[in-house]
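With the hints as your guide, set chain B onto chain A.
Just so you know, the sequences run in chain order A and B. So the first sequence is numbered by the working numbering: it starts at 1 and just counts up by one. So the second sequence is numbered by the working numbering: it starts at 253 and just counts up by one.
Keep in mind that the hints are not guaranteed to be accurate.
Dumping the calculated PhoX-like pairs for lysine-lysine here, alpha-carbon to alpha-carbon at most 25 Å [said to hold, decoys possible]: (1) B/K339 to B/K279; (2) A/K117 to A/K139; (3) A/K233 to B/K470; (4) A/K143 to A/K94; (5) B/K470 to B/K339; (6) A/K233 to B/K339.
Covered stretches of chain B, as calculated for chain A (at least 3 residues, CB under 8 Å) [as the list claims (entries may be wrong)]: (7) 256 to 268; (8) 443 to 451.
Keep in mind the hints are simulated off the structure, nothing from the lab. Glycine included, each C-beta is placed from N, C-alpha and C at the ideal position.
Here is what each chain is made of, one letter per residue.
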Amino acid sequence: MESKQPVMSSRHISLWYDKTRALTDITMDIPEKQVTAIIGPSGCGKSTFLKTLNRMTDLNPAVKMGGFINFLDKPLQQYDVVELRRRVGMVFQKPNPFPKSIYDNITFGLRLQGVKKKSDLDAVVESSLRRAALWDEVKDRLKQSAMGLSGGQQQRLCIARALAVNPEVVLMDEPCSALDPVATAKIEDLILQLKQEYTIVIVTHNMQQAARISDGTAFFLSSQLVEYDTTVKMFENPGDQRTEDYITGRFG
Amino acid sequence: MTSRQQYHDELEALHSRLLEMGSLVEKVVARSVESLAQLDVDAAQNVIDTDDTLDAMEMEIEQRCIRLIALQQPMAADLRLLATILKVVTDLERMADNAVNISEITLRIAGQQLVKPLVDIPKMAALAVQMVHDALAALVQRDEALARAVCERDDAVDDMYAALFEELVDMMKSDTDPIRVSQCANLMFTARFLERIADHATNIGERVVYLVSGERVKLG
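Chain A extracted, bound-state conformation:
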């Protein structure tokens, strides 16, 4: 696939959970400031691949991995993992705000980094919430619990929290699957705005969503990358029959 300069490059990534193979020889580039969607049926390895991109898979002792992934100029393994996860943030399927105030959710990462000055924290809270299109809805109740927000607001809060530490890449694992269509539309609009500044990789079960918001789409099947191309090409005229069968619903 023709692309802008890649921010991340996966080369021959294979991964096992004990003896179960989850990824087979995945080679693909993630271009800068674009939305890259990963689609495929359950169990195809798409979420596992996403987790390899900020070494979340390191947390599981049963995982064995081969191949390598470069982030900018060097392999992921050469980064300090805390630093890596700051620069490659993640948003999960189910909104997972901390049981704290909206303000404390956003500033949590910064405080861990040692930022204490209130004016600095205030500035980040406002800019992160604005970027996540949530500011106007919560600016008058920043000290209230994040748990009182709606599901869609909670998910945008989680996106704001990921943005607060100024990442370069944002990984999203099914970020709308627990949301209603209105909240989904807001997140999708947000993703399209965010790609001006960030590189986004999104795993989604919703093919229409991939079609609407992504620039490139990768189709995973049975631990393999079957096809990776521009989203227009993938949805109008895919090159592989298995992609065709999956996206037209003639599958399994």
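The following block gives chain B in isolation, referenced to the frame of chain A:
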């Protein structure tokens, strides 16, 4: 076992319906040129009467396409098929209109002494009818090579149209009889309608290339 069975059944049914309309259009086009060659008023009237059926089929097919797009979000080959059907159905309807136009000319000039024996118009008509037939066959068989071959034949029809145009203009210049001049004008229109039919067949050929390859092309 495939999923979305009902959707795929409807897509298939829609494709069949388009081919049904195509075969009816092919018939009326052929009948319209025969009616002219033989100045057969009944055949001409029959073509004109069939037009309402074809108009209704066009509306029905278009409606069913829009419904599938709205409800099923077709992708990939399914999307290309629906886009093809939506375009081809318009070409078919226009060809049927051209057949009606030719049949109306038949009704107009029936009973008149022909200014000259019809030689070139039947030749041109045979070419155009064959193009329609082959374009639809290419659509049925998803045969890209045949579709491209149909488009290549469009030039021959265009050349015949240009030659006929010149010939009829010359005849009108040197004739003062109003009935004969009017007949020449009608034959000129007939040639024009046949040229348009060949253009629509070419459009269908281009759509088949898109359907099969995903490539949008301008041929002919």
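Hint consistency between A/K233 and B/K470 [alpha-carbon to alpha-carbon, up to 25 Å]: Holds, at roughly 20 Å.
Pairwise hint evaluation, A/K139 against A/K117, where the allowed Cα distance is 25 Å at most: holds, 20 Å
Restraint check for A/K233 with B/K339, where alpha carbons must lie at most 25 Å apart: holds, 21 Å
Given hint B/K339 paired with B/K470 - CA-CA distance at most 25 Å: holds, 14 Å
Restraint status (C-alpha distance of B/K339 to B/K279 at most 25 Å): Between B/K339 and B/K279 the Cα gap is close to 20 Å, so the pair holds against 25 Å.
Straight-line alpha-carbon gap A/K143 to A/K94, limit 25 Å: Holds: A/K143 and A/K94 sit about 22 Å apart, inside 25 Å.
Assertion that chain A covers the stretch 443 to 451 of chain B - criterion: three or more residues, beta-carbon distance below 8 Å: That given contact is violated, which follows from only 0 residues of the stretch 443 to 451 of chain B lying within Cβ reach (below 8 Å) of chain A.
Within 8 Å of chain A's CB atoms, at least three CB atoms from the stretch 256 to 268 of chain B: coverage verdict: Held - the stretch 256 to 268 of chain B has 3 residues with a Cβ nearer than 8 Å to chain A, which meets the minimum of three.
Consistency with the previously given hints fails for number 8 only.
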